[in-house]
Each structure stands twice: as C-alpha cells, then as structure tokens.
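Given chain A, work out where chain B should sit, using these hints.
Protein chains: 2
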Amino acid sequence: MARVLTPRAEDFPRWYQDVIAKAELADNGPVRGTMVIRPAGYAIWERMQSDMDGRIKAAGAQNAYFPLFIPESYLRREAEHVEGFSPELAVVTHGGGKQLAEPIVVRPTSETVIGEFMAKWVSSYRDLPLLLNQWANVVRWELRPRLFLRTSEFLWQEGHTAHATEEDARAYARGILHDVYEDFMRQMLAIPVVVGRKTVRERFAGATSTYTLEGMMGDAKALQMGTSHELGQNFAKAFDIVFSSAEGRQEHAWTTSWGTSTRMLGGLIMAHGDDNGLRVPPRLAPIQAHVMIVKDGEGVAAEAAKIRDALRDAGIRVGFDDRVDTPFGRRAVDAELKGYPVRIEVGPRDLAAGNVVVVRRIAGTKTPTPVTGVVSAVTAALAEDQQALYDEALARRESHTVDVSNVDAAIEVAATGWARVPWSAIGAEGEAKANAQGVTVRCLTRADGSVPGSEDEPDLIAYLARAY
Amino acid sequence: MARVLTPRAEDFPRWYQDVIAKAELADNGPVRGTMVIRPAGYAIWERMQSDMDGRIKAAGAQNAYFPLFIPESYLRREAEHVEGFSPELAVVTHGGGKQLAEPIVVRPTSETVIGEFMAKWVSSYRDLPLLLNQWANVVRWELRPRLFLRTSEFLWQEGHTAHATEEDARAYARGILHDVYEDFMRQMLAIPVVVGRKTVRERFAGATSTYTLEGMMGDAKALQMGTSHELGQNFAKAFDIVFSSAEGRQEHAWTTSWGTSTRMLGGLIMAHGDDNGLRVPPRLAPIQAHVMIVKDGEGVAAEAAKIRDALRDAGIRVGFDDRVDTPFGRRAVDAELKGYPVRIEVGPRDLAAGNVVVVRRIAGTKTPTPVTGVVSAVTAALAEDQQALYDEALARRESHTVDVSNVDAAIEVAATGWARVPWSAIGAEGEAKANAQGVTVRCLTRADGSVPGSEDEPDLIAYLARAY
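Protein chains in written order, with my numbering: chain A, 191 to 658; chain B, 191 to 658.
Excised from the complex, chain A in its bound form (with noise of 0.2 Å):
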C-alpha cells in the first residue's frame, strides 16, 4: 500500500499538514495566512461550539454580537494592550470608494469596543455582574502561519465579563476555567490540560491574571489550548466602566475576558492524530460511526440501510457510504484518515454468516459482530474509546513530563517534553535564558496542582517546554 501521510516519527509538522490535506480539514487561503476551513473540519468546529455554547450559557453569559471594525483610537486607550496588539493589527483606510478620515482596526479581539458598551449599559451594581459572550473571527497578523495552530484570521469565542468585586471577577474567570474549559478539555477532547497561571512575561496585554490550558501534543510539545483573564479594573478605567455602589459610591467594575478558538482543532489533530491520519474522540465526532458497504450483493444495501436507521435510532451520529464503484480499500483509507471512531464494514460474505466488522479506530480493532449486536457493540466501544483516547494522551503526558531543579535542565528536558522545575529556581532571569532557546515557561501550578493566586507566592511549579 502506497504511504497514505508522512509518519510523525520522520517529520511531526509535515504529517500535521499531510492529515490536514488528506482528511479535507483545511485548505490555505488566498490573502497569507488566511484559512479555509472545510466541510469535514467545520463539523468538528460546530460540534465543539454547540457543546461549548452550552456550558457557557450555563455559566450565565448570554451571547451577542459586536463590530468587526474598531476606531484606532479604542485600542491606545490601554496602553499595554495596544503595546500587545499593534505589530498583529490589519487596518482599513479605504471605505466606500474613499479615504477613511480615521483609520479603522479589524478586531484582533473586543476588550476594547465592548468595554465602551458596558460603559453605556452599567450604572448601578444591580446591572451587575454582566456577562456577556460572542461567536466570531478575529485578525491578527501572522507572518508564519500554520493552519488553525496560527492564522491571520481564526473563529472563536470572546467572553467579557463585568462585576462589582475583584473576588466576584476573579470567582467568574476561574469558573469558565475549570467548568467550561478544563471541563470541554478533558471530556469532549478527551485532552488531560494541565490549568495554571501564566507568568508575567506570558500574560495577556492589560490583564492582571491570565489562566491558560496547555495540552501535550503528539511530539510532546505544548499547545496552549484556551485562556482566562482577569483584568483587573485596567479597561474599566479606560472606559469608564462605574457603577454606583449599593452603599451609593462610584466605582470603577472588575473585568474579566476569556477565549478558545479554532486552535482546539489542531490541538486535537495534534494530540490524537496516529500515522494513519486523525482520530475523532467519539463524543466530539460529528460522525461516530461510518456503515459501509464492502461491495455489492444481495440484500446488502438493504441491511446496511437497516443497521444505519438502528443506529441511528439508539442517538449515534451514523455516516452511510454506498459509493461501491470507488474501491473498497481507497474508502478504507479515507475513513481511517478521517478518523470516525467505529466503521462498520458490510459486505456480501460476512453477512451470509448474519454478521458485519465492526473496526475500532482507537483501539485498532476489526471484530466480525453479529448484525443483531451491532447498535450494542457500536455504544460499548464509543464509550470505552473515549477513555481510552484520554487515557493514552495522559499517559504520554506523564512519560514525558519530568521533574528538574534548574533551567538548564529544564531547558534539555524540554528538547523531548516538559520540564517541572520548581518556580524559584527559574524567576525572571531564568525564564528570559530559556526563552532564548525557544523553551517558554507555560504556566505555574501550586504543587497539589491547583492554580495560584500570585507567581510569588511559595513552592510553585513551572511547566517549561517548547510551544506551538
């Protein structure tokens, strides 16, 4: 057989973009750095948003839709932000066949232009907390993109968030943390993150805390897969975000925001993918499981109709191929590139003994199963390949993570996997040598693995490795 995708082993960016080609996920657009997200990767992306929609709503915030387009002038009123934000900005100056009198900013994020609305919307603490959140694209300028993982234009969601402590603001953003991201990571992308605080030099432009969600990918390099920030009273002060007190005072709100984007979709690429091209975690698959007819025959169709429909019936997303014409083993290949977790194969021989091959993407079975069996057999593996998928990613998380006491261990660690090096021994001067050679420390972690509050405060671990 003719080699399908370029083994990870050989070159792991190259196979990343064989499997993006293969599996039709994505395609580069014309304008650089731009995407094309195709059928069979933007089922995966509505998957992830209709599930993440839903979490989110439950956490109170209700979605809404802000201008792509925002005045220059917005994003120098947070003079971090914009220091973070100007090299990446795509800028419009021509509109309706004219010069623009101010240049217009394509949102590279909405921090800004929403803090103005809340500004408008917030008077008095009973408009608070006010929890808002948007589906959209954002721009930022990539000079070496690399689909879904770096994009001058990705999707995703923004969550802003406005609230009248600093504990009601910092309570929220650890909440979307841990019970929407870390929550979504683990059971639908079935990714063991690790949750910590970013650093200083790490964190987002005008926050006083970001919390990030790093995945270990394939190759043992880290993928920051999500954030939260507080942002402290820094854009209300900029917007003039108050609110009268219930005791009558003015005060300026505390701001949150938090964001995941298409980004997920080459983490789960990344983390789950194998030489034979994606697997899909059942739960997040758009097609859970694929019937095949292997050729033609008496009755086939009709039975692969029959096991389709009971499929279906028992809530599995089915996926039906009756393109017989097309050999069988070319469909074979792209369903295994394409990474249904369970294929069911029908064919002529195996059915005169009333049996189908059930083939198990994750656990690399084939299992000839009576057709009576299937809709149960079908239930069991989505439900253990799930685990199993999240149980091989955490184990190559823990192979790989190894604990060190210094930078320069860390920083050969990081060659293979991720060093844990206790905070104190790296500091600031510690994370600009490592971020020399390419190592950046993705976050801090109290020892028991909980999320710190400050990066000075004692015995913290830092998660040094190389990044995408």
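The reader is advised that the hints may include incorrect statements.
Identical copies go unnamed one by one, so any copy, or any two together, can satisfy a pair.
[As the list claims (entries may be wrong)] Think about it this way: if two alpha-carbon atoms lie no more than 27 Å apart in a straight line, the pair counts; the simulated DSS-like pairs of lysine-lysine are:
1. Lys247 - Lys212
2. Lys310 - Lys427
3. Lys411 - Lys212
4. Lys310 - Lys212
Treat the hints as calculated values from the structure; they're not laboratory data. Everything numeric in this text was worked out from a predicted model, so none of it was measured.
Quick look at chain B alone, frame taken from chain A:
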C-alpha cells in the same frame, strides 16, 4: 402612563428606532454603519440560525468557512460583479505594521473566493453537486445605515453550490427559495412573503436569475427578506470551475448562491411590532412564556417556580422575573416591549383564588386562569397566536395590495401600499420611471403566483412598491 414609543402612525421610522432601543435589541457601533447586536436581539437571531441551519442541512448543503479577506483582483474577474460591489468595499491596505503589496478587500459576499476553491475541489461530474453554506459576517459600506436593515457589517448565511447542468442548478436554487426560505418565513417568522423573480435591473451582480422573497412591513413598504440566484456559468468561467462529464468532456459547472441575513430581524420587528413594542412569533421566540411575580406574598415565589418548571417540562421556553423590588408596572411595560408571546402573572391576590393571569401579547387578552390549567392554556395560546400573527400580516398584505393597469397608477398606489400591474404595461421604460420616483419593481410572478423562468414570459404580474 408615559408614552414609551413613538406611535407607528406618527413616525414609523422613529417607532422602529425606539423599539430597537427600548427592547434592547441593538445599538449603533462606534464605526459609522456598524451594529452591536444586544443579547435580546441576538437570542432571536440564534433561533433563526438554528432553525434555518437545520433546513439548509436537510437540503444537503454542508457548512464550511471561507476567509474574510479577499484579494482585490478576485473581484475583478467577473465584470458585472466588480461593478456591482466596488462602491461598497472596505479595503485593507496595512497589515502586520506594513503597507501591503496588494490591497485586500473585506468580503462583501463570497462568490469569488468560493469559486476559486470550487475550481480546486471539482474535477469530475462525480464531485457534483457541491453544496456549501457558511454563516459569516460581510461588509458593504453604507452611507445611510439603519439598524438590521442596512448596516456596513451584517451577519448572514451564504450558500454556494456547483452543478453539472443548468437544470440541476435551477432546481436547487428554487428548492432553497421555496423549501428553505419561503417555508421558514411563513412557518417561523409568520410573514406571508411574495416570492418572485427580480427584473434584470434589480438582479444580483453576476447572476442570470435572481429570485426574491418580499415581505410587507407595518407601513406597507416592502422588505427584501432573502434572495436565491442562478449564476449560470459566469463564475465557473471566471474561476475555471471545470469538470469532466460522464461522457469525458470538459465542461464548466453551473453555480448558484443564496443568502439571508440579520436583516430578517428588521423585517420581524417591522412586520409584527405594534405601538407597545415587539411581538415575536411564538415558534421563533427565545422566551415563549414569561413567568412574572407581581409582588411577594406567602407561597408566591414557590408557586411561580412550580409553574415555570411545569412549563419547561412541557417543552416551552420559559423566562422568569422575580425582581419584586422593581415596580410591576415597569416590568410589565418591559415585557410588552420585548414581545414575549405569553406572560404569566403570579400574585398573592389571584393565587388566593387558585388563579394566575395569563396575558397574551398577540391576542391582547388577560385571562385569570386556574394554576392547574396554565400549561394547557399556554400551549394553546402559543399555537393560536402563531397563526393569528400570520393571518394579521396576510390581511394587511391583501388589503394594501391594489391591482392597477399602468405605471403612473402604480406609483400612486406605492405611496400607501403595493401595486400589482401587468409587467407588459411597465417594461424597462416604466421601471426606470418608477425608480425615478423612489418606487421599485419588487418582483415578477406569474398570474397564479408561481415564479417565472424569465421576464419575457407572457402575462406576468409586477409588484411595485417603496422598499427598505
């Protein structure tokens, strides 16, 4: 009671702005022509999206995502298309801190970039039809913006398909027109749209046929609620969408495109709103039944919560208002403004008699109802009032549509309604004359209401009106 809204009869456009502001549906963005869709407005849009998305998928189209940024040169490839759009374009000239070598256009619509990718993905007749849809934001510079109706940025879905034959493309464009759009607008939006064909003068830039759905607003003006286009082989030739036919010939594909947008929200407001605010059709409403505690009293909160849960268990989307420290009158005005189809007022006095008050926004009734009968009363009200809203809109359309026989009479009728005129009595010359008076040919239909295949068919009817 203070007047909440400008009455429609006094100043319809002002009433429209008032409703949007007071029902907290949207706000003007900081860049001229842009729009902030607030949670109450976005929740309605989400319901539109979700219902429509199901219909589009049932029509076989798959969702994908194409880039926001399009090279300026793409738009020039189809002559009519560039001419149609160039005065409306927003142009990015700077990215990543530098002037760009080629200016980039922010998509006004995606025929061109999708055409480019269809050309890559299609090679054989087996790849056809290729049925794509995307939910996205687009930008068309507006000098006279009006919230939801004409904004520089708006949200929409745009479908793009490629077919092997003209017949297949035509059947698909018309299937979307009737089975997706018309059915959605009648069944969900409760708007009895007139469906017809645009004249050559009104059709989409680059199309060979444009089909439209026209709704009558509360002031008897027309609103184009959606369009579906046959693009012939124009884009296939401009972008080289070529396939080898079953007979082995190289042929250009036939493409279609079709779109509906947040403009439908404007149509919903103007078709159904009254002097007390918005009226949302029950099937569409994010909140169908709003349970309100009139004032505190023994057992009131517990009973209200029980009613809320019973409604929710019956599959009804429920809101809950227990803000008893805000005067009830103010909250009732707000509920009228927001247009919840039914509200259930729970207060100590009625409750002592075992009753609550069921207030129907559309029927305009207030009925004391035994607690045990609330679910069935609400269920019946929602079904009846969906129909009542449609019937009311249909009655208005019929009473404000007048048959006339020439263009001068049509122009006169258009001051207060729609004119139906034999197309043979108008023609290109009459159309130009009407246009000069601010009146347009909204669409052409056959005498039996069906959609003509060309404007040259005999005995066609033209609808002339003023329009948004």
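Within a copy, between copies, both or neither: where do Lys310 and Lys427 come within 27 Å Cα-Cα? within (14 Å within a copy, 50 Å between copies)
Treating 27 Å as the Cα threshold, decide for Lys411 and Lys212: within, between, both or neither. within (23 Å within a copy, 51 Å between copies)
Tell me, please, which holds for Lys310 and Lys212 at an alpha-carbon limit of 27 Å: within, between, both or neither? between (49 Å within a copy, 14 Å between copies)
Under a CA distance limit of 27 Å, which applies to Lys247 and Lys212: within one copy, between copies, both, or neither? between (35 Å within a copy, 24 Å between copies)
The structure agrees with every numbered hint stated previously.
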